[in-house]
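K.L.:
Using the sequences and the accompanying hints, generate a full structural model.
In order, the protein sequence lines correspond to chains C and F. According to the UniProt record's numbering, the first sequence is numbered sequentially starting from 1. According to the UniProt record's numbering, the second sequence is numbered sequentially starting from 1.
Treat the hints as calculated values from the structure; they're not laboratory data. It is possible that some hints are incorrect.
Going by beta-carbon spacing under 7 Å, a handful of chain F positions derived as facing chain C [as the list claims (entries may be wrong)]: (1) TYR22; (2) VAL46; (3) CYS47; (4) MET122.
Backbone N, C-alpha and C define an ideal beta-carbon position, used for all residues, glycine too.
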Amino acid sequence: MLGYDVSWAAFNIVEVMSSSKFTYKRIGYLAASQCFHEGTDVIMLTTNQIRKDLSSPHQYDTGVALTGLSCFVTPDLARDLANDIMTLMSHTKPYIRKKAVLIMYKVFLKYPESLRPAFPRLKEKLEDPDPGVQSAAVNVICELARRNPKNYLSLAPLFFKLMTSSTNNWVLIKIIKLFGALTPLEPRLGKKLIEPLTNLIHSTSAMSLLYECVNTVIAVLISLSSGMPNHSASIQLCVQKLRILIEDSDQNLKYLGLLAMSKILKTHPKSVQSHKDLILQCLDDKDESIRLRALDLLYGMVSKKNLMEIVKKLMLHVDKAEGTTYRDELLTKIIDICSQSNYQYITNFEWYISILVELTRLEGTRHGHLIASQMLDVAIRVKAIRGFAVAQMATLLDNAHLLTGNTQRNGICEVLYAAAWICGEFSEHLEDPMQTLEAMLRPKVATLPGHIQAVYVQNAAKLFATVLRKHEGETDSQAAQETSQLLIDRLPLFVQSANLEVQERASCILQLVKYIQKLQQKNVEVAEEVTALFAGELNPVAPKAQKKVPIPEGLDLDAWINEPPSESESEDEKPKAVFTKEEHKHSRSRHTEVDEKELARRREVRKQEQANNPFYIKASPSSQKVYDAPGVEHIPVVQIDLSVPLKVPGMPTSDQYLKLEEERQQKEKAERKKKEKKKKREKRGKERKADSGPESEEDIRPAHQVDIVTEEMPENALPSDDDDKDPNDPHKALDIDLDKPLADSEKLPVRTHRPEVLKSPAEDRVNESIPQETNKGSGKEKKEKKKGKEKDRKRSKEEKKKKKHKEVEEELLESQPEEAIQSEETKEATAPPTSTSTEEETAPSSAAAVDTSSAAAPESEPDEPKDAEPEDTKSSKHKKKKQKKEKEEKEKKKKKRHHHHHHHSDAGGEDSVQNGTVEEEEPLPPMSNYSLLAENSYIKMVYDIQGNHQDESKVVVSVIFENKSDSFLKSMEFNVLDSLNSKLQRPEGAGPHDSLTVPFQLPPGVSNEARFVFSVQSIVMPQKLKGTLTFIVKSDESSTHEKLDFKLHFTCTSYLITTPCYSDAYAKLLESGDLKGSSLRLEGISMPFHHLLARICFHHHFSVVERIDSCASMYSRSIQGHHVCLLVKTSDQTVSIDAKCDEPSLLGNVLDEIKQTFSKC
Amino acid sequence: MIKAILIFNNHGKPRLIRFYQYFAEDMQQQIIRETFHLVSKRDDNVCNFLEGIYFTLIYRHYATLYFVFCVDSSESELGILDLIQVFVETLDKCFENVCELDLIFHMDKVHYILQEVVMGGMVLETNMNEIVAQVELQNRMEKSEGGLSGAPARAVSAVKNMNLPEIPRNINIGDINIKVPSLSPF
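P.N.:
What follows is the structure, given as structure tokens:
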């Protein structure tokens, strides 16, 4: 909270959250939203509390819970509560609806499986009568679509309609932003959008909307291939509007205008370039953000013609700029602008080198390494410039004290690294290598960072080689020996260096020079051999070259090179039998084959590595090119203007190049005129002839014929693009095709009205009509499938339409025939046999599996995946209907028998049925306390009983009613026959036998929860209450009165309340001796211990006090204050539970119930 | 999505921190610190958008307080700017001439108001009347329950006995009323 850790209060927060008073609940949820996160362990305690609050009759309880949950939803919570939230999406209050819709986004993120089942309802909410809900739905879909736009293309017509009809600027902005994301995928959409967007641009007064419209139009234009005449009009409109924004006095608009402008720049640079004046003006703005945006724009605006001019302007800004961040930004921009697309716009590299050298005068910049790498890059890749570059670098080295002068942490000294390397590597271009060599061996160098010193030492050796050769060429052995002496004198300084790299190189070279000196004294010619040490051409290697080396055919990188060491000793002791020998031979021959390829590959890689490594001393001069023959024909001739003095004394200035450039342009112009008269006049005239062709304005002849060496790639490199997507992106999981029909297995793990329930034993007892059941289920599947089909059809229609260039709105008109088809399909759906048979088919197989295990839950598990498969083939099975019908008869019988079997095995187990599937792989299987109360063809009721903290004689029964029929259910009345012990709480004035009206009506397919309070006196015994629900079924033509009987089962567990207990208090309680003990043994429990504990906690409202290995103590309290303590131990599938409680009969019953829970799984 | 909402005063003291994406506390502090450094050195007459280190920052400066919204690219800049205005005007309505002290002493209420505007990082409601109405209704509900004074005695004593290092006695703050300029809606 406020940036401080309050995790110590986590448990207290949970307590406050569970208060029944809104005042505290609100505070609790606020605190939770501030400090809970996925790592908070007490979150798992809140699931039930949140579910309760979500289904609270007070809208603000629900609202507060939703708001809180939105901040700390975890994957577990999302999975457990997804269905509750989905129900809330059709809440009567728009206040709740919009919150529920918004929170779904968070749920999707944490639990992507929920997206497909929830999406249809989310889509409905786009057309909700309440604008707030509508805006929330738009919001959520926009967030989803931004990450995976292609899955939401089918919604485009709907959004299009919204866009043309909505007046809410917020919604419009969101939709327009969404379209911006969709258009790149569907250019046809863009064509349709342009007109309404242009209208909006013209009509709206809201700047924000205008801006977003312009933005989306830009996106549309980018996605469309240019060429259509009216599009240039749209661009003009956009640029024009943006100019208005930029010229506005409001800085915000100016900023956004520039931002949008940079987007246009990418595709239509010409239309932006005409506003260069405006953008350069923005560079002088006092607002840094605006200046930075303007810089971005400059990047795209340069051409060969204006590069020098723009950079000159930037250099002026660099001098003026205050604050290092902005100056650094300018520096990187200059380098970016110049180096973009392989130095495309640079016509004069001498100018660029001078710019770089000028930039080194910047004080305190962090980007020394950037300048250095540019210097290296240019010097290596532009062969023609090397001479000039080396001269400049030599000057830099000579004046190194200027760079390193004041501060050690100065980042600019990095350029010396480049300077030293360039001077060493291309030392043949040096005018006076001796002077540079001396500069590099000054004692001051020792203050430089280690890696730079290392380069100095290495390159001093290269220079030494050059100097030697020069002197030997002149047969000046005296000078050569002096050079050796210089090195021998100076190098010991580096040998003492603390830096390992420097030390190693220095001592190595020192010994070498000493040896050379010896040879020199014997008058041996050594220069040739010394030069050979550093011979060889260096080519730049592409940054991804290593990655792109293809794996040779037949090489399996995962295979063992040697056989893995065998574990058992007996193998080693085996006598060398004949067959093992053979095996060995075989494997070895294969290995060598692989090895050769591998070796070849490695060699290749190594060569490249060496080539790339400036420190690497080439070992075999014979195989490499020697400096003397650097392939003269490849070196392009430097075109030197006679008017240009090549060697600039002292520090160069780039300005002169600008002047030169201008001069030259003028000259050229003049020449062009002369050219008419005299064709062969000057060298340059000739040259231009070679260039040939009429010169367009853009075509500026570069000062040097630049051969930019391309980066080397390994042979047969894979042309694969690198997938730069972040694998951890949570949105990746949401990349789900939403148009596919829902498969049955994809349903949300529903606690309330789960499809699995129909296979659970509890239900069997209540409802014997199995065939009807399955029909019902298949009906649902059909419906979902139908929806999918509908969508498919819609899509195909859409495409057709687009071809015809119809308006999108026409879709609405076409919806009528669609409906006709739909009704046809419903007829089909009501014809049961096909899908019933498929469902039945799967039953026997699962029955076989279950027979032995005698467990109820697993039955549904094999069903699930299989259900989905036959579904897909169902439509093709229509012809087989009749055959199947026959089969069906047999299978029905089988199934009945099989269900019967369950009936036996689970006699007595009725409450808290596990949620169908038990997935062992998952850390904690989903659990639910809702169990079936009663069900018929119209309605299904599931219920859960919870104790109440505040009142020791009350329990709350939450009943979820689900309408299974196609009719409207209303006037539901709930009544229970009271017993002496337990009574339904009725409003004041009502008689003891009056029924309670359920406060809602149920449209088809909807479920809702109602809560009833019961007062109980004794809680030591479980109890059953008989009751009835009466309701009116209203269909189109008739309405009938229906009745459903049920039995409410109050278990002893339902009187327990999860109460935390600290271990010291727990110990005291046990010591007090008031408690009576009892124990229980469970055999054959194979689930992990923490699952077991979780189950006890969840189903029986216990909390874990302490856990040590496979032993845990647990605590719970009844609503009347009885303490219940458990000690749970497990070993080898046997779980023993020792229990203590101050009320023995309560304890006995609770233990019985625990036993039942585990006998069922 | 809105990633975080920060309110701090001219000295960088946080008054309301609301993260919609989890960060550990030290990271939160760092974000607040860096955001303050970025925002505080800007003049009042420069633009209200800023490319932060982690997100885009959209902020407004009212009297002694900075209201900073950290958002990603899916939000409209001008829209959020307007949302800040809506939020501040709502605060002004609920507290009647809101000032920094209101935010200090009624932090919970400020949060409740914010909860009606933004939920889980997404804009929930932009209509000021609707927001005020919902806040009022909930406050009334709280009142009907007896408010916080109806807390269990145990909790009250626990709070009283809380060992706070030092409680500032005299807080002297000058004119800190946030003057809400009436801006034209966007």
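K.L.:
For every hint, state whether the structure bears it out.
P.N.:
Structure-based check of all given hints:
Using the Cβ-Cβ criterion of 7 Å, the hint placing TYR22/F at the interface with chain C is satisfied: the shortest such distance is roughly 4 Å. The criterion of a C-beta within 7 Å of any C-beta in chain C is met by VAL46/F, whose closest approach is roughly 4 Å, and the hint holds. Given the 7 Å rule on beta carbons, the hint for CYS47/F holds: about 4 Å separates it from the nearest Cβ of chain C. The interface hint given for MET122/F holds, since its Cβ lies 5 Å from the closest Cβ of chain C, which is under the 7 Å cut-off.
The structure fails none of the hints (numbered hints given earlier).
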